[in-house]
Amino acid sequence: MKLNLYPPQQEENIYIRRQAQAWQRSGLITEEQLDAINGHADPQLRQTNPFFRILFFVFTMLCAGAVVGLFVWLLDFKDANFIAVMLICFGAAFYIAAEYLAGKYLFYRHGVEEALAVMGMVLFCAGCGILLSENHLTLTQLRIVVPALLAITACWIYLRFGFLYAAAISIVALGVIPFQFNFSPAAERIMLFSVLCVIFVFSLLADKPDLEDFRKNRYAKIQACLLAAMYLTVNLEISGFIGLIIRDTHVFHLNAQLFPPSIYWPSYVLTFLIPAAAIYWGIKSRKRIIINVGLVMACATLATNKSYLGWTRYAWDPAILGIILVGLCLLITRWLNSGADQRRFGFTARDILQPEEGGITPADVAAALTPGVIDAQQPPAGAQEQYFEGGASGGGGVEGKF
Amino acid sequence: MNVAKLLRKLRYEKKLDSGQVEFLLNLQERRIFSVHRELRFFLYIGILLIIAGAGLTVKQYFVDLGDVAIISALTLCFAAAFIYCFAKGNPYEGGEVASPNIAFDYILFFGCAFYSMDIAYIETQYHLLGDLWENYLLISVALFFFLAYRFDNRLVLSMALSTLAAWFGFTLSAHRFYFENYYRLYAIAYSLIVLCCGVFLYRIDIKKHFLDIYLNFAAHFLCIALLSGVAEYKILSLYFPALLLACAALAFYSVQVRKFLYMLYAVIYSYIGISIVIVDQIHRQTFLLFTYFIVTSMLVIGLIFKLTRRFKEQR
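Chains A and B, in that order, give the protein sequences. Throughout the first sequence, residue numbering follows my numbering, covering 1 to 402 in sequence. Throughout the second sequence, residue numbering follows my numbering, covering 1001 to 1315 in sequence.
Bear in mind the hints are in silico, worked out from the structure with no lab data behind them. A couple of the hints might just be wrong.
[What the hints assert, rightly or not] Result set (DSS-like, lysine-lysine): computed pairs, CA atoms no more than 30 Å apart in a straight line:
hint: 1; chain 1: A; residue 1: Lys104; chain 2: B; residue 2: Lys1312
hint: 2; chain 1: A; residue 1: Lys216; chain 2: A; residue 2: Lys2
hint: 3; chain 1: B; residue 1: Lys1015; chain 2: A; residue 2: Lys216
[Claimed, not checked] Which residues of chain B face chain A? A partial, calculated answer using Cβ under 7 Å:
hint: 4; residue: Leu1006
hint: 5; residue: Lys1015
hint: 6; residue: Phe1062
hint: 7; residue: Arg1154
hint: 8; residue: Ser1158
hint: 9; residue: Thr1163
hint: 10; residue: Trp1167
hint: 11; residue: Leu1261
hint: 12; residue: Phe1290
[To be verified] Covered stretches of chain B, going by a simulated chain A footprint (3 or more residues, C-beta under 8 Å):
hint: 13; segment: 1027-1038
hint: 14; segment: 1053-1061
hint: 15; segment: 1301-1310
Every residue gets a Cβ at the ideal spot worked out from N, C-alpha and C, and that includes glycine.
Okay, chain A solo, but in the shape it has when bound (with noise of 0.2 Å):
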């Protein structure tokens, strides 16, 4: 059955012409060759730029709330359970509205029949929600249907328009119902890594080599986003490291030490073994958000170990990984480049493709806060003359003041 909206071909027509712009952005095409190309892959669908996209989301999401709001105001409605039909109805509306703009219009990526899309969702699994909370549904009933409803209708938007973000927001859905049983912490994350790998499985199954480029790269991206969920349901330490960001270390959750050892040393080794399995098949697959993933959660895991196995943190283990990453990178680059035409199996440390120009880059943000950041971390002026009063510095610590 063929649930996608829009034809395989304009899809992949859409994808020929993304590479064709990048290679023309890198200069390995001229700008004749690159309207060739556009000639032979014409999607026959309605885009815009990633800016406009994000307008027409935005003020889309907003026109659909105030439009919902004033019916809600106008009609006055104080049963919950018209309230709910309502929301249901306007969800549905929504969602056929969305379904209409992208077959009649053949819009695509274009932020308006997303807006309405992802408004339809989220108003049908409200009114669900309503609907059902007054229908003697318990709470922790509740807790479960509403994200399994999510779920199915955040599936069903990715199966239909191919919205990346809908399937995330299927996984994180699914990914809630294990925390509301009354399990155990530790079998609910290994319930909920088990859901992961199933679906995962699944994603593998589907990933055949045959398939479309535009699908093989969605199912990459959607595979990747499920490795990092994988591990971060693993990795105790990283909810651990929450905790002590809130500082609360006494809900379970969040402090990893609580967890049985049966537990907490299996997934000390799943913290090495997912990153590893990751970058070795993305390496072997060359694909690239799977090595890029792999490479994060890596670093993730030489970030946690020192507190996975108990050992003191320094203030200086940051630095440490730091030169740890900058060494490895440089050792990476001298290998590659003195490998024949600067590749070792196929791999190269040149720059080839060039990225889009997005005016200002997240590296020239984090730059920007640099001196900021820098300011705040200084010791407090006279600190060293208050570091020996009350005994911090050792000297017995007699008395309050020398």
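Since chain A is already given, all that's left is putting chain B on it; use the hints.
Relative to chain A, chain B alone:
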């Protein structure tokens, strides 16, 4: 039809030559796989971690380490980084200059960050400039601008602009984050100075590709300052027409140079500003409030549709 088939077809039609098709097929089928961006990303993360680790170590162990050790270590680090950059860097050019190697930009950034750390430590511990301590920021700004232009480094230029903002009184600490009248005027002054600098350097053909960084800093500081003024005085001040003017200028520039990021800024900031004023006027009238949001959001959608159609026709 997929990429590989299309490339072969274009070779057959003689629109692409064999060498080109071979290389593009190698790229497409990942027989050539560039890890350049990944290496740059992890180098940058590594450098940021080193800076964070060094900062934390100084903050936590400054008593054990002692001033001499800290100052000499930090000085040694930034001096080594700067010496390396001057020794290995390509000569200055008005246009874009490629980095001599993958790590070069980050070594310069590392040097600048350690310089900041060193100066900030000396100043907080010894108060060499006394009440004029904030002027050390100006020295840093001058140095960062010089290095950014000498070595064509966007990261250091971003540091220079944010250090200049710090000199104007904007820091990351929470108590300085209020947009009171005092800071609002300083933010406007800052953004106008940054804008003038950026446009002037662009006009005289010096590192024209840096203009976007200047514009981003100027646009956000100016629009946020004006928005805060609109939020405080509503329609009864010059802030509202100034915000509309700034957003109109941003939108005009966006259309002229086809950089739609600025259109995004213009629409968002102007919509928030106008909404603040209108919502204030129709206070507690729920029907009008909802109607306002429905009508205006549809208007914005219609306007952007018209704009996209115009661009498509022109293309």
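(Q) What's the verdict on lysine 104 (chain A) and lysine 1312 (chain B), does the C-alpha distance respect the 30 Å limit or exceed it? (A) Holds - the C-alpha atoms of lysine 1312 (chain B) and lysine 104 (chain A) are around 20 Å apart, at most 30 Å.
Q: Tell me if threonine 1163 (chain B) is really an interface residue toward chain A, meaning its C-beta lies closer than 7 Å to one of theirs.
A: Nearest chain A Cβ about 5 Å off; hint holds.
**Q.** leucine 1006 (chain B) as an interface hint toward chain A, with CB separation required under 7 Å
**A.** holds (6 Å)
Q: Answer holds if the nearest beta-carbon of chain A is closer than 7 Å to that of arginine 1154 (chain B); otherwise answer violated.
A: Holds, about 6 Å.
Q) Per the coverage rule (Cβ-Cβ under 8 Å, at least three residues), is the segment 1301-1310 of chain B covered by chain A? A) It holds: at least three residues are needed, and the segment 1301-1310 of chain B offers 4 whose Cβ sits within less than 8 Å of chain A.
Q | phenylalanine 1062 (chain B) as an interface hint toward chain A, with CB separation required under 7 Å | A | OK, holds: phenylalanine 1062 (chain B) within 7 Å of chain A, min 5 Å.
**Q.** Satisfaction of the phenylalanine 1290 (chain B) interface hint, Cβ to chain A closer than 7 Å
**A.** holds (4 Å)
Q: Would you check whether leucine 1261 (chain B) satisfies its interface hint, that is, whether its CB is within less than 7 Å of any CB in chain A?
A: Holds - the Cβ of leucine 1261 (chain B) comes within 7 Å of chain A, reaching about 4 Å at its closest.
Q. Is it true that the CA of lysine 216 (chain A) sits at most 30 Å from the CA of lysine 2 (chain A)?
A. Holds, because 17 Å separates the two Cα atoms, which is no more than 30 Å.
**Q.** Hint check: 7 Å Cβ-Cβ cutoff, lysine 1015 (chain B) to chain A
**A.** Nearest chain A Cβ about 5 Å off; hint holds.
Q) Within the segment 1053-1061 of chain B, is the number of residues with a Cβ closer than 8 Å to a Cβ of chain A three or more? A) Coverage by chain A holds for the segment 1053-1061 of chain B (9 residues, Cβ < 8 Å).
Q. Should the interface hint for tryptophan 1167 (chain B) be scored as holding, given a Cβ-Cβ cut-off of 7 Å against chain A?
A. violated (10 Å)
Taken one by one, the earlier hints fail for this structure only at number 10.
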